[in-house]
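From first to last, the protein sequence lines are chains A and B.
Numbers in this note's numbering are just positions in the first sequence, counted from 1, shifted up by 8.
Numbers in this note's numbering are just positions in the second sequence, counted from 1, shifted up by 8.
Be aware that one or more of the hints could be misleading.
To be verified - Cut-off 20 Å, straight-line C-alpha distance, at most; resulting in silico cross-link-like pairs (DMTMM-like, lysine to aspartate or glutamate):
#1 B/Lys228 to B/Glu322
#2 A/Lys228 to B/Asp139
#3 B/Lys38 to A/Asp159
#4 B/Lys38 to A/Asp139
#5 B/Lys203 to B/Glu322
#6 A/Lys203 to A/Asp319
#7 B/Lys38 to A/Asp340
#8 B/Lys228 to B/Glu94
#9 A/Lys203 to A/Asp340
#10 A/Lys38 to B/Asp72
#11 A/Lys195 to B/Asp72
#12 B/Lys228 to A/Asp139
#13 A/Lys38 to B/Asp143
#14 A/Lys38 to B/Asp139
#15 B/Lys195 to A/Asp72
#16 A/Lys38 to B/Glu169
#17 A/Lys228 to A/Asp159
#18 B/Lys228 to B/Asp143
#19 B/Lys38 to A/Asp319
Stated by the list, open to error - Output of the computed footprint for chain A on chain B, the stretches with three or more beta carbons under 8 Å from beta carbons of chain A:
#20 97-111
#21 209-215
Said to hold, decoys possible - Over 10 Å on every C-beta distance to chain A, these chain B residues come out as not near it, computed from the model:
#22 Glu59
#23 Leu78
#24 Ser87
#25 Ala152
#26 Gly162
#27 Ala255
#28 Thr273
#29 Ala339
#30 Arg368
Source of the hints: derived by calculation from the structure; they are not laboratory data.
Positions of the beta carbon are idealized from the N, C-alpha and C atoms, including for glycine.
There are 2 protein chains.
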Amino acid sequence: MTSTPPSSPDHGTLSYEQSGVNYDLIDPLKIAAQRAAAATGAHLAAHGFSEVPASRGESAYVVDVGPFYLASIVECLGSKSLVADEMQRLTGRSFYDAIAQDTIAMAINDLITVGATPLVVQAYWAAGGSDWFGDAQRAQALVAGWKAACDRCGVAWGGGETPALAGIVEAGRIDLAASCTGLINPKERLSVGDKLAPGDAIVLLASSGIHANGLSLARKLVERLPQGYLTPVEPGASLTYGEALLAPTMLYSPVTEALHQAGITPHYCANITGHGWRKLLRHPAMHTYRIHTVPEVPAVLKFIQHHAQQDDLEAYSTLNMGAGFALFVPADQAEHTVAVAQAQGVRAWLAGRIEAGPKRLLIEPLGLTFGDDALQLR
Amino acid sequence: MTSTPPSSPDHGTLSYEQSGVNYDLIDPLKIAAQRAAAATGAHLAAHGFSEVPASRGESAYVVDVGPFYLASIVECLGSKSLVADEMQRLTGRSFYDAIAQDTIAMAINDLITVGATPLVVQAYWAAGGSDWFGDAQRAQALVAGWKAACDRCGVAWGGGETPALAGIVEAGRIDLAASCTGLINPKERLSVGDKLAPGDAIVLLASSGIHANGLSLARKLVERLPQGYLTPVEPGASLTYGEALLAPTMLYSPVTEALHQAGITPHYCANITGHGWRKLLRHPAMHTYRIHTVPEVPAVLKFIQHHAQQDDLEAYSTLNMGAGFALFVPADQAEHTVAVAQAQGVRAWLAGRIEAGPKRLLIEPLGLTFGDDALQLR
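Chain A on its own, in the form it takes in the complex:
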């Protein structure tokens, strides 16, 4: 898994920061917004409800509405649509069915981390002008992919917005996002990490590729490839880099729903998105996360690691490296958890355990250690 193809021409390592997103500029706003948002939770009391304070900083916001908890979220696809646009130019085929699934996955895979059953998805499709919608093949692919993802997750597509935002969204482009609302029902399904403890097993669910995080890096990398997006992702293979990037994000809610049916309630879940495996350190509790088994790395991620000349430390702290979602479950339910996931068609591995100790992530097969300072994103 750590073997790499022969070295590419030397351009030096390409890190995520080099690919164009400067968090130093975004973070002050984000912190100000989080503080202001936290002060609004008290409004719920006037309606007879209350927030679940532990959900502040988690992937979805949770409100106690009495008989159950209400969870909600809005999530953005990010820049993956630029890859779909370029691939449509190169191949004539629309990949908007795939990125529709990505967009829904961004919302649903976050919502389920708190134990919620996703119920309703709303579409947010903001185009650079009315003419975006005039490409019927692309528009139909977007609709079909969106519906198929809703079908797979058993959610109702409630509606949405399709604004034409000339002057805000670039001509010929679209800003795709999804909001999702769900219920934690019964309330015992709430998983905000209060039960997370040494002894818990770490089960990893397979990713299908890059998913929808790391795309700025992946797009930047194209400049280094003589054939660009049409470069075969493995020697002799027909699958191109562009096609491989556009493998849609796995939808994990069928697994979390099946776990509930099987009587398994995760103590915590982490959606492995931006910041790669550092997301395993997401919960604020002080534990050591020891990984003894790492999943096979999808070809497209091996390809990126190789051409971006990233070492394992950089790759695992940026990309999902084959693990799209982490379930933290009681040790005696770990094997059952793996079996339930596999039955849903999602490969899964009993990958490690939580131990008492300083907050850090040890990926033993690769000799990697991430400390408590690796993830400052709450």
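Starting from the known structure of chain A, fit chain B onto it as the hints suggest.
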């Protein structure tokens, strides 16, 4: 109210369609999406729930979750941020506090039409690059305005997304949207129009100006104004056209919540946004809507009507013309409804009534009639 200032130079009438949004291109996608979405409602049965079919086509999607109804929505600000950007360039002042309120109002004022109490708002702020967030004055205004609107409506700001989308959102611009989740509780508050009937009174709530619809037209109009956004909105007045446009949208949930406290349940509500007063014809039922009293038209809307050389038919079918929200209530509760709104600081008028008859809107003081074909937007 129908008197106009002296005529401006003759450029001919400027209609909404001329201002750049071509619904002919968007509508086929919208219809395909609505059909696909409708087919997903059945998924809720597997979770023990069901959709409220009448909410399909309404402003918010409603699910019956047993003890109450769940309502959700995502809404976009539209192009008003372009006016804020230009006014910041001209005056040095950020108006992002105002357009933050607009964005929340777009979501909340739609959500409450079905009888929901808004509980949680999520922020969607997609910038053209990380550097957007580097303007601290603007970023702080956005946060402060967002929080103030949440405070006014008693909703919890759950969180959100602040992506930097270089290549999708234009450099220096931001795409603002909000999702909102609420509950209809008790369930008797559901107002999807099944009780709407001849004899009901039409109560109109005052708008504060253009709100967030008609901005494409308003921006286009600037080309006709020698002083552009700095043109006084009334002769001798210090308020400029740009400032007047940026008066934030009224938040109507304090009124609908106060109505509930007062024991008044509207039979139906219409948020008067795009398509202006044609929104009074929103419900599919076949009734005649007779208006005997029209609100005072805000100066900025008089200004637009005058300079765009719109007749009343065009103006009332495009802009809110002083009425931001319509409540359809039992006739014997109309005066009480007006009083409850006024007590919340929102001017209100008993403006008309529903009668048996062909589907049409009669605005008697202006001699206007809109037929059933005036609004094909469900």
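These are the hints, each one checked on the structure:
Proximity of B/Lys228 to B/Glu322 is assessed by CA-CA distance (about 16 Å); at most 20 Å being required, the pair is judged to hold. With a CA separation close to 19 Å, the supplied pair A/Lys228 and B/Asp139 stays within the 20 Å bound. Only pairs whose Cα atoms come within 20 Å are accepted, and B/Lys38 paired with A/Asp159 is accepted, the gap being roughly 19 Å. For the hint linking B/Lys38 to A/Asp139, the alpha-carbon distance of about 13 Å falls within 20 Å, and the restraint holds.
Between the alpha carbons of B/Lys203 and B/Glu322 the distance comes to roughly 31 Å, so the proposed pair goes past 20 Å and is violated. Taking the CA atoms of A/Lys203 and A/Asp319, the gap is near 34 Å; set against the 20 Å cutoff, the hint is violated. Restraint check for B/Lys38 and A/Asp340: the C-alpha separation of about 49 Å exceeds 20 Å, so the hint is violated. With a C-alpha separation of about 13 Å, the suggested pairing of B/Lys228 with B/Glu94 holds against the 20 Å cut-off.
At most 20 Å may separate the alpha-carbon atoms for a hinted pair to count; A/Lys203 and A/Asp340 meet this at roughly 15 Å. Annotation: proposed proximity of A/Lys38 to B/Asp72 is violated, straight-line Cα distance about 35 Å (limit 20 Å). Simply put, A/Lys195 and B/Asp72 have alpha-carbon atoms about 18 Å apart, close enough for the 20 Å limit, and the pair holds. Distance restraint check for B/Lys228 and A/Asp139: the Cα-Cα separation of roughly 19 Å lies within the 20 Å cut-off, and the hinted pair is therefore satisfied.
Using a Cα cut-off of 20 Å, the hinted pair A/Lys38 and B/Asp143 holds, with the two alpha carbons roughly 13 Å apart. For the given pair, A/Lys38 sits about 13 Å from B/Asp139 by alpha-carbon distance, which is consistent with the 20 Å threshold. Between the alpha carbons of B/Lys195 and A/Asp72 the distance comes to roughly 18 Å, so the proposed pair stays at or under 20 Å and holds. Proximity of A/Lys38 to B/Glu169 is assessed by CA-CA distance (about 9 Å); at most 20 Å being required, the pair is judged to hold.
For the proposed pair A/Lys228 and A/Asp159, the alpha carbon gap of about 34 Å is over 20 Å, so the pair is violated. Only pairs whose Cα atoms come within 20 Å are accepted, and B/Lys228 paired with B/Asp143 is rejected, the gap being roughly 27 Å. At roughly 46 Å between alpha-carbon atoms, B/Lys38 and A/Asp319 are farther apart than 20 Å, so this suggested pair is violated. Counting residues of the region 97-111 of chain B whose beta-carbon sits less than 8 Å from any beta-carbon of chain A gives 0, not enough to reach three: the coverage restraint is violated.
Requiring three or more residues with a Cβ within less than 8 Å of a Cβ of chain A, the coverage given for the region 209-215 of chain B is violated, as only 0 such residues are present. Not every C-beta of chain A lies more than 10 Å from that of B/Glu59, the closest at about 6 Å, which undercuts listing it as non-interface. Consistency note on B/Leu78: stated as away from chain A, yet its beta-carbon is not over 10 Å from all of that chain's, at 7 Å minimum. The claim that B/Ser87 is not at the interface with chain A is violated, since a C-beta of that chain comes within 10 Å of its own (minimum 6 Å).
Non-interface call for B/Ala152 relative to chain A: violated, since the shortest CB-CB distance, roughly 7 Å, does not exceed 10 Å. Its beta-carbon lying about 4 Å from the closest one in chain A, B/Gly162 breaks the requirement of being farther than 10 Å from that chain. Listed as outside the interface, B/Ala255 is consistent with that label: its C-beta sits roughly 21 Å from the nearest C-beta of chain A, beyond the 10 Å cut-off. No Cβ of chain A approaches the Cβ of B/Thr273 within 10 Å, the least distance being about 17 Å, so the stated non-interface status holds.
At the 10 Å boundary, the C-beta of B/Ala339 stays outside the reach of chain A, the nearest C-beta of that chain being 30 Å off. The claim that B/Arg368 is not at the interface with chain A holds, since no C-beta of that chain comes within 10 Å of its own (minimum 27 Å).
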